[in-house]
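K.L.:
For the record, the sequence lines run as chains A and B. No gaps in the numbering here: position 15 of the first sequence is 15 in my numbering, and each next residue is one more. No gaps in the numbering here: position 22 of the second sequence is 1022 in my numbering, and each next residue is one more.
It is worth saying that the hints were derived from the structure and are not from the lab. Please note: incorrect hints may appear among the correct ones.
Taking lysine-lysine and the BS3-like style, the derived pairs with C-alpha atoms no more than 25 Å apart in a straight line are [to be verified]: (1) 1075(B) with 280(A); (2) 330(A) with 1079(B); (3) 1075(B) with 313(A); (4) 1079(B) with 1159(B); (5) 54(A) with 165(A); (6) 72(A) with 313(A); (7) 330(A) with 165(A); (8) 222(A) with 280(A); (9) 1067(B) with 1079(B); (10) 222(A) with 330(A); (11) 131(A) with 280(A); (12) 1079(B) with 222(A).
Cβ pair distances, simulated, as ranges [what the hints assert, rightly or not]: (13) 352(A) with 1159(B): 33 to 43 Å; (14) 315(A) with 1165(B): 32 to 42 Å; (15) 1033(B) with 350(A): 49 to 59 Å; (16) 62(A) with 1027(B): 50 to 60 Å; (17) 62(A) with 1093(B): 19 to 29 Å; (18) 1026(B) with 270(A): 46 to 56 Å; (19) 66(A) with 1026(B): 54 to 64 Å; (20) 131(A) with 1052(B): 25 to 35 Å; (21) 62(A) with 1025(B): 48 to 58 Å; (22) 1026(B) with 352(A): 33 to 43 Å.
Glycine included, every Cβ here is placed at the ideal spot set by N, Cα and C.
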Amino acid sequence: MGRKRSADDAPELAAGNGLLDRRALLVGGAGGAVLAAARPAFGAAELSVEPWMKEPGAPFVGYGQPSRFEAKVVRTFGSAPGTTGTGASRTPLQRLNGTITPNGLHFERHHSGIPDIDPDAHRLLIHGLVKRPLIFTLDALARYPTETRIAFIECGGNTGALYQKEPAQLDLQASHGLLSCAEWTGVRLALLLDEAGVEPQAQWLLAEGADAAGMSRSVPMKAVDEALIALYQNGERVRPSNGYPLRLLLPGYEGNMNVKWLRRIKVTEHPTMTKDETSKYTILLPSGEALQFVFPIEAKSVITHPSPGLPLKGTGIYEISGLAWSGYGKITRVDVSADGGKSWASAALQEPSLPKALTRFRVPWRWDGGPAVLQSRTTDSSGYVQPTRAALIAERGTKTFYHFNGITSWAVGENGEVRHVYA
Amino acid sequence: MSMPSCIFAAATVFLLSTAAHAEMPDLWRPATPEEIAAWDISIGPDGAGLPSGNGSPQQGEAVYAAKCLPCHGEKGSGKPNDQLVGGLGTLTGNQPAVKTVGSFWPYATTLFDYVRRAMPFDTPRSLSNDEVYAVCAYILRLNDIIDESAVMNAQTLPKVQMPNRDGFIPFSRQK
């Protein structure tokens, strides 16, 4: 753009240890000029005519795949002893950008593998405290009015390792990868419940999957306001690993309640007290008592770039980038610190910032090669501010595993390596 | 409310609901009580939904040895999969919490519900109701929650007092 570059154009510092104003990276923005410091080394013959310009490329394929050079961008997974599909697979958040998770990389949590469901044989039963118990086929559901929305799903056990007394040295995928975000299309559950006619004393639903574990959870009736019977995920039919042919989508609620392979909804007065809502997804407190029915995910954020396993290569300007999300609404603010929380710079939020969806934040940073501790802290539209880890632990202790949403700290060493620390 | 306005209000509700209803494709079909009974496998904490049948700890020991022990260990001691017995006193203090049926589960009905729907892992839905009652009785006996002579059935199972029955606080958000 022919902007004159001079030392006088140095971008404004927004917080300590090199954090720059969030507008510094915008085209034409304040201080958009002098950001490059250490230039990457260029080899000789950079502009040779490569072989792929000298012969026709590959033929068409029916369903496209990523470049073979992206083979590392895969889910990682572990299965319970003696099983092959029972456990969790994790999204490689550190190798993705934007906010939408490709369907083949959406995290999974299965309790007895992935059922191979014939959609023509699948039925959804709605019964219990209703005037008319009903059965729906997939063909019938496809005729109902549909809606589309973007929503994250996060496992209630995601980032459970951050309760540990010592910081676990895991990459972002291992620590935070039970989190994904997709565009979901389906039928509002409220429409189907209206068809059945819910009795006035109804306060809960029991949602049950058609997997070999018959995974089931009680859902409070107020969740119906936003619940979808999701048939499509990012434009294509919901993947078998995410509930084909249909799943319950409860935007903002812990992942386990978004029951996959949904086959039955029983309308009830009281919770059913299933295995997962008693023995599993409850928060054990230092008193020995456990918080039960902790449903929406509280506001939370993490820096994805840089993060452990993504070292810095030389001093100079970097974009600190990450994800923020809340099960209670929209992300309204993300602050970033490079000095372990002593000072904070406001990050740019990628619009549109949608309720109960991942929001990407970014802030430019000039790394001077010295030690730094990077943190992000988000605020949601309910006014809730993401707590420090210390504040969360003071309240909950370290014996639980669920719903950790404290601030995460990455220490950058002088060698550019990034480590998980408690700060 | 006077009679005419009451009738008017009722008529309005009726019209609104039929108007909303008329836009729906109406492609459901009614489920019969038999169909529902065949599909409804969830058991409430009050025991609603428990089927007929019964089983004793002694009968359950045989079922456990044949179907459960490879994953849950001798007498529910765990490994390679979840520990089912013990852990009392571990929910507080510095040691790791050992959350078992005995130390943590608040309702015995959940045990029946879960075993019947999901266990044994490789052949779920293969146990008879008597076998499920029996294996529940065995696990409850191992945890010293019921007597050796107790028989579990639709009447007795919901009455079992689990040690951690009062260990849960319904969450309410402060902010």
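K.L.:
Would you list, in rising numerical order, the hints stated earlier that this structure does not obey?
P.N.:
2, 3, 4, 5, 7, 11, 12, 13, 14, 16, 17, 18, 19, 21
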